Each structure stands twice: as structure tokens, then as C-alpha cells.
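Protein chains in written order, with numbering that gives the first Met the number 0: chain V, 0 to 205; chain S, 0 to 205.
Simulated from the structure, these hints should not be mistaken for laboratory data. Watch out, some of these pointers could steer you wrong.
Because identical chains share one entry, a pair is satisfied inside a single copy or across any pair of copies.
[Said to hold, decoys possible] Computed cross-link-like contacts, DSS-like style, restricted to lysine-lysine with a CA-CA straight-line distance of at most 30 Å:
id, residue 1, residue 2
1, K202, K74
2, K167, K25
3, K40, K167
4, K58, K133
5, K98, K119
6, K58, K3
7, K7, K122
8, K165, K26
9, K58, K165
10, K74, K133
11, K26, K40
12, K58, K26
13, K127, K202
14, K119, K202
15, K122, K74
16, K123, K7
Every value quoted in this text rests on a predicted model; they were computed, and no experiment measured them.
2 protein chains.
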Amino acid sequence: MKEKISDKVISRLTQYHCILVDYIKKKNYTITSSTIAQLLKIDDSQVRKDISMLNNTGKSRVGYDVNRLKETIEKTLGFKNPKNAFIIGAGNLGTALAKYNDFEAYGLNVMALFDVDKEKIGKKINSKPVFDIKELSEYTKKMNVEIGILTVPSDFAQEIANYAVKSKINYIWNFSPTVLDVPNGVEVWNENLMGNFLQFSYKISK
Amino acid sequence: MKEKISDKVISRLTQYHCILVDYIKKKNYTITSSTIAQLLKIDDSQVRKDISMLNNTGKSRVGYDVNRLKETIEKTLGFKNPKNAFIIGAGNLGTALAKYNDFEAYGLNVMALFDVDKEKIGKKINSKPVFDIKELSEYTKKMNVEIGILTVPSDFAQEIANYAVKSKINYIWNFSPTVLDVPNGVEVWNENLMGNFLQFSYKISK
Chain V
0 MKEKISDKVI
10 SRLTQYHCIL
20 VDYIKKKNYT
30 ITSSTIAQLL
40 KIDDSQVRKD
50 ISMLNNTGKS
60 RVGYDVNRLK
70 ETIEKTLGFK
80 NPKNAFIIGA
90 GNLGTALAKY
100 NDFEAYGLNV
110 MALFDVDKEK
120 IGKKINSKPV
130 FDIKELSEYT
140 KKMNVEIGIL
150 TVPSDFAQEI
160 ANYAVKSKIN
170 YIWNFSPTVL
180 DVPNGVEVWN
190 ENLMGNFLQF
200 SYKISK
Chain S
0 MKEKISDKVI
10 SRLTQYHCIL
20 VDYIKKKNYT
30 ITSSTIAQLL
40 KIDDSQVRKD
50 ISMLNNTGKS
60 RVGYDVNRLK
70 ETIEKTLGFK
80 NPKNAFIIGA
90 GNLGTALAKY
100 NDFEAYGLNV
110 MALFDVDKEK
120 IGKKINSKPV
130 FDIKELSEYT
140 KKMNVEIGIL
150 TVPSDFAQEI
160 ANYAVKSKIN
170 YIWNFSPTVL
180 DVPNGVEVWN
190 ENLMGNFLQF
200 SYKISK
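Can you build the whole structure from these sequences, using the hints too?
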């Protein structure tokens, strides 16, 4: 599969992956497209179409081979090329994300957290060290990290983002409900939680 | 505006809203579509098209009236019809969301949190009470709440979701990286964080 995968397909593939992981835990070896479709409340034909785009083998009359389909999705989405990241902001959200062990299974390694709070600096969260934000530049170099997961309060988000960019963080996964102004060449992915909620809310109010 | 708004447009409108809130804070009164476009690194024509779909007045030669555009977006997305919700799971993520004051500005009122942990029950987080999960059914009735924000560890997510559904939570905003199996009539919105990250990661690896 060489062509670009759309965001919607990527989103669905990760959900299929979730289901497969769960199926493997429960020692099921095959799954049908209609089971996946039913769990996600989407069309069976959509599931079949998505999977047919992958280089997946291991389909039989009784359904897809769960392990093989899982591996195919992982290969397609590049789970095997792990990426290192820092969490910037060791508050509740940063801590929650640092404890989110699924990240590693999906190829995202959180190497450390950064904060300004002297109470937090020097401690560990889920065995990841919390460093002083002043040392960010030093550690991006030392640990070869370019991805920053920004979980600071929105009032400081722009200031901290500027600082992160200066420290050579080139990719920001932004959890603050703020649109960041960054120089060209820096990529921001806004985790627009309220936007997501409003989509949900808009849907259920019909 | 009567027709259904697509998820992508809703997502962009909330980001425009973010920018407008920020502009108002900084005492700016007008904004151009190209400023918005540049901040979001999208096309100017896209911004103009989105805004032209709204019943927005207050456009002049120097740009959009910031306050009016903000209000128009709020009206379009139904911010003025606030919704009450419970957070189920008072761990780090639940606590972070309970402290997320922007929710209220967007019409989402978190009324209380629920947990099993005796240490947490009876306390308050951001002046919201933490109740025993056993009392969920009682409070959904008493407080007229139908939305549950599920922030429990993935291993318990299905079990707690079943319990929430039995307690008459009909809308679940699911933060656990698990696909929930719920009866018909119950709506789930999966906050697929890993999926979002993988979209980002897929994009930046090209």
C-alpha cells in the first residue's frame, strides 16, 4: 500500500486494532467484518473495504485471522517505527498521559516529562523522569527527541510552545485549548477536545 | 443554517472560536480570514467558505467583527444549550478534565465525578463532588444527567460502561483505548487518542 491513507481510515484502523487486541486477550482467533462493524456501529462494507486496501492475508470463510490482521495494521500504520517524545507539563493531564501504557504498544515512547514545579522535578511518573523545563534544550539533543506533547494550562501554552520550538521540538501534539502560532517548519497537531465533544454533542442533539 | 454540519467543519469552527477568544482577551476587535488561515495552516478560501455558511453579520473591509463572529459560532454549535455530564473515574485523566474550565464556556457542565476509591469519595475536585460509583444510578436521576465521560483504565472500561448504561447514562464520551460494546440506543463517542496520534505521526513521517 503506497498511496496516502486518509485520516478517517487511520482512525478506523486504530479502532479495529483496539478490537483485535481485545480479541487476542480473550483468546479468539478469528473475527468477521460484521463483528467489527457492529462494535463500531458502522457499515460492514466499510470495514471490508478498509481491510481490502491493506496487504492482509489470512482471511478464511470464518473470518480474518486476528493476529495477522493486527500485524498488518501495525505495519501499515508504522507501529514498528517507534517515536520518542517528551511530555511538557507534568500536571494531571501530563501525568495521565505518562501513565497511558498503550502509547508504547502504538510506537510512542515517552522518554521524560518537563515541568517548572520544583516539587515535581527529580521525581518519576510511571518510571519516567521529570526534568526541569530549563533543561529541555539539552535533553532534546541528548535523547534525540523532536516530539513534544504539550499539556500545560492554556494561558502558558503559547509561551511554552515558543520555548519548546527554540529547544528544537519540531512536532507539537497540543492538548491545550489554544491555537498555537508557530514558525514554518514546526508541525502542530491540535488535540481539540472541545471540538470533539461538540461534534458528539451536535450529533446527539438532533 | 439548517443543514447538518460535517464533523470537519465543526472541528474547524471550534478552532476559529479558540482564536477569537484569544483575540478578545488581547483586545483585538477585528480579524481577517487570512489571519485565521495562517494560524491553522489551512487555506484562506476554506475559512471564508466555512464562515459564509454561518448567519454571520459584522464583516467589513478590515475583517470580521471578533465578538459577533464568536457569538455566531456559539449559536451555530449550540453552546447556549448547556449539557450536564458526569466524569466516571477520578484518576489523573478524570481530574484533569474536571479542572478543564473551558468545558463550561463550551456548554458542558461537569456536575460530579464518580469513583470506587474510598480516598477520593467525599472530596471535591475543582469544586465538583466525587461520589461513590454505587450511587451513579441515583444521581443520574436526581441531577438529570445522561452524559458520562468515561476515564477509567481500559481493563475496567467495558464493565463500568455496562454499569453506567444500567444507571441510565445514554451518552458515553469514552477516553479509554477500548471499543465498548453497548446496547442499541446508547451512543458512544470514542476519544481515540492513539488514533489521533497515529494520524499525526503518519503525516510527519512522510
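Consistency of the hints with the structure:
1. K202 <-> K74: So K202 and K74 pass the 30 Å test across copies only (15 Å; inside, 33 Å).
2. K167 <-> K25: Classified as between: cross-chain Cα gap 28 Å, same-chain 43 Å, threshold 30 Å.
3. K40 <-> K167: Between copies only: 20 Å across, 42 Å inside.
4. K58 <-> K133: neither (53 Å within a copy, 44 Å between copies)
5. K98 <-> K119: both (15 Å within a copy, 19 Å between copies)
6. K58 <-> K3: within (24 Å within a copy, 38 Å between copies)
7. K7 <-> K122: neither (39 Å within a copy, 40 Å between copies)
8. K165 <-> K26: between (48 Å within a copy, 27 Å between copies)
9. K58 <-> K165: Neither: 50 Å inside a chain and 37 Å across chains, both beyond 30 Å.
10. K74 <-> K133: Neither way: K74 and K133 sit 37 Å apart in one copy and 43 Å across, limit 30 Å.
11. K26 <-> K40: So K26 and K40 pass the 30 Å test inside one copy only (23 Å; across, 45 Å).
12. K58 <-> K26: Classified as within: same-chain Cα gap 18 Å, cross-chain 60 Å, threshold 30 Å.
13. K127 <-> K202: Result: close only across copies, 27 Å inter versus 39 Å intra.
14. K119 <-> K202: So K119 and K202 fail the 30 Å test inside a copy (41 Å) and across (33 Å) alike.
15. K122 <-> K74: Neither, since 35 Å and 46 Å both go past 30 Å.
16. K123 <-> K7: neither (36 Å within a copy, 38 Å between copies)
Hint violations for this structure: numbers 4, 7, 9, 10, 14, 15 and 16, all remaining hints satisfied.
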